[in-house]
Amino acid sequence: MVASRREAARWWMALIALPPLLATALAVNGWRNIEELSRRGEWQVQPVAADQVFAGAGWRLEQARLIGDGRDTKQIFPGQMRLVIIRLSAEAKRDIGEDWGQCQLRLTDGKGHDWTPLDVILSSDLSRDLDPRAEPLPGCSIASLHPPAKGESMLIEEKFVLPADAVPHLAVRLSFASTRPHAISIPLALK
Amino acid sequence: MIRFLATIIGILTAAALLQVFQATTPGYAQLTGPILTSGAQKDTVSSQTFSVRIDKAVQAKTLVLKRFSRTIERQTQGTWLVVSAELWAFQETMPLAGASIRGASGRLYVQTHRADAAPQLLSLKKVQPGLPTTGILVFELPEEEATDMTLILSKQASPRLEDEVHVHLDRGMIESRDKVEPGNGGI
Amino acid sequence: MKRPNVLNKAGKAARARVLAGIGGFLAAGLSLGLSIFESRNPGEIAHALPGTRINADRWGVTLHAATVATTMPNGSRLTPGKRAVVVNLTIENLTSQSSNLYGEALALANITGASRPQFFLDRDQEILWDLQPAMPEEVSAVWEVPMTQALLASLDVTVIGAVFKRADNLYAAPGWFTGSAVAQVDLPIAENGTGAMTRDTR
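Protein chains in written order, with our numbering: chain R, 2 to 192; chain P, 66 to 252; chain Z, 548 to 749.
A few of these clues could be false.
In silico EDC-like links for lysine to aspartate or glutamate, alpha-carbon gap of 20 Å or less [what the hints assert, rightly or not]:
#1 Lys191/P / Asp126/R
#2 Lys126/P / Glu684/Z
#3 Lys131/P / Glu673/Z
#4 Lys131/P / Asp671/Z
#5 Lys190/P / Asp126/R
#6 Lys190/P / Asp120/R
#7 Lys112/R / Glu157/P
#8 Lys220/P / Asp115/R
#9 Lys191/P / Asp115/R
#10 Lys107/P / Asp235/P
#11 Lys126/P / Asp671/Z
Just so you know, these hints were derived from the structure itself, not from any lab.
All figures in this text were calculated on a predicted structure; none of them were measured in a lab.
So here's chain R without its partners, still in its complex pose:
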């Protein structure tokens, strides 16, 4: 009788422990998912500060060109269509290694619109059209495979097609798998 009473107590304990254990398991799982999700998105975007080191490098906007309205080159694109070419310089402050993996470089207008760069083939074709002699500069994802050594710097070029009315509000937003959810933003100040 004593044994069975102890058994009954254990049985009740197990039953009562079940709901909190289930809740804990759900919470732990949920927390893991939230963490993974936060590493995918750019939830914390900050304007880049002078001397700021981001993903092991200092970032500066080297050049931003607006093509299609006849001012930079003679080309006039139909309607609202414009080509924006940006060059970022990155100076490695430490050994970068794999830290530039899954690079995400986009243009944003602060109104919830995102433009992703043109693909590599189209981008190099355009580079050759604009300057047949110069070697096309690498894009962000190619650069991430061969990042500069510590103390050295490199230029990254990306091209975007977007409407003219977005041009005055554009900023570059940059993040890597290693930095997300943090991203930096650099205004282009194009007119």
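Add chains P and Z to chain R, keeping to what the hints say.
Here is chains P and Z on its own, set in the frame of chain R:
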């Protein structure tokens, strides 16, 4: 004895209840399926992330293409359907990887690779926010499927929890021709 | 009076355990033996004649003829040191969706070292992409085989079926899964004069 019977009945009830739960729970694939927006051919059909306006739909027996400045003709035992459309992306740059026609029988006809030489294919373009993008889509399907068609478009080939736009094609608005030759200016 | 009883009880328990053990091993051994037997002697596959339509669940297949060629049907070159075994067939997509997975439906049983087949649409000699549902097409399936591989007078083509699951085990999504062989066809290899053939005639 009564206790024993109660246990048996309890187990059977639990099993039946679980069976009901299992049978009525929607599958994972269904829960994470596409988010549908439907509309008619004459309208601009807008989802949360992009919108579509059908410009023209042409049905033909022969598809005329140019490859390396040589003209080639492609025949089919069914019919070619060439749709020209204008797309708007609202937030992000987007490809249009998913494009198919649901025919009269409910079968799904994915856009054909046999027309890859055609110019202005929407499947090779990217839609940039703020810039309307026009282009064409080419399908190959049996004649009897063409009596009732719905165009299905999405960013990915098989969208999961992403927008999918359905445009019901109006038979009266589909042009019928002998040959259709997609060009740089459309069809 | 007590001792034999206890002994008897203990003996009974032990015997039950030994019996259960033997039963378990027997069951496991039988199951293993059966699966080995089944994999060694796959059920007799139905033989079909060339020209008859074979229902391979996902695909409707009619095999017509086999030839040996030195180029691809679209004129492109073969891998050096290889020749092409070409099978002409009519194939129909019986499912409700366009698909390009028809390569899984055919296998060469009496040739080793063959590549995965490439398919060409006979209508225009170009690569066959998606096969559209309810649109049977005349196509050529091409296997590249090493020159050193001797060819018999006929090609043993196995047509493989597929299994449709309304809800798969992982995502509860409907889908097609590889099935077992549904038919075997002896296709005589026709001379077509496009290349010197070293044929093993038995």
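We went through each hint and held it up to the structure:
1. Lys191/P / Asp126/R: Answer holds: Lys191/P to Asp126/R is near 16 Å, not above 20 Å.
2. Lys126/P / Glu684/Z: Given that 20 Å is the threshold and the Cα spacing comes to 16 Å, the pair holds.
3. Lys131/P / Glu673/Z: holds (15 Å)
4. Lys131/P / Asp671/Z: holds (15 Å)
5. Lys190/P / Asp126/R: This hinted pair holds, its Cα atoms lying about 16 Å apart.
6. Lys190/P / Asp120/R: holds (11 Å)
7. Lys112/R / Glu157/P: holds (11 Å)
8. Lys220/P / Asp115/R: Answer holds: Lys220/P to Asp115/R is near 15 Å, not above 20 Å.
9. Lys191/P / Asp115/R: Holds, at about 13 Å.
10. Lys107/P / Asp235/P: This hinted pair holds, its Cα atoms lying about 8 Å apart.
11. Lys126/P / Asp671/Z: holds (15 Å)
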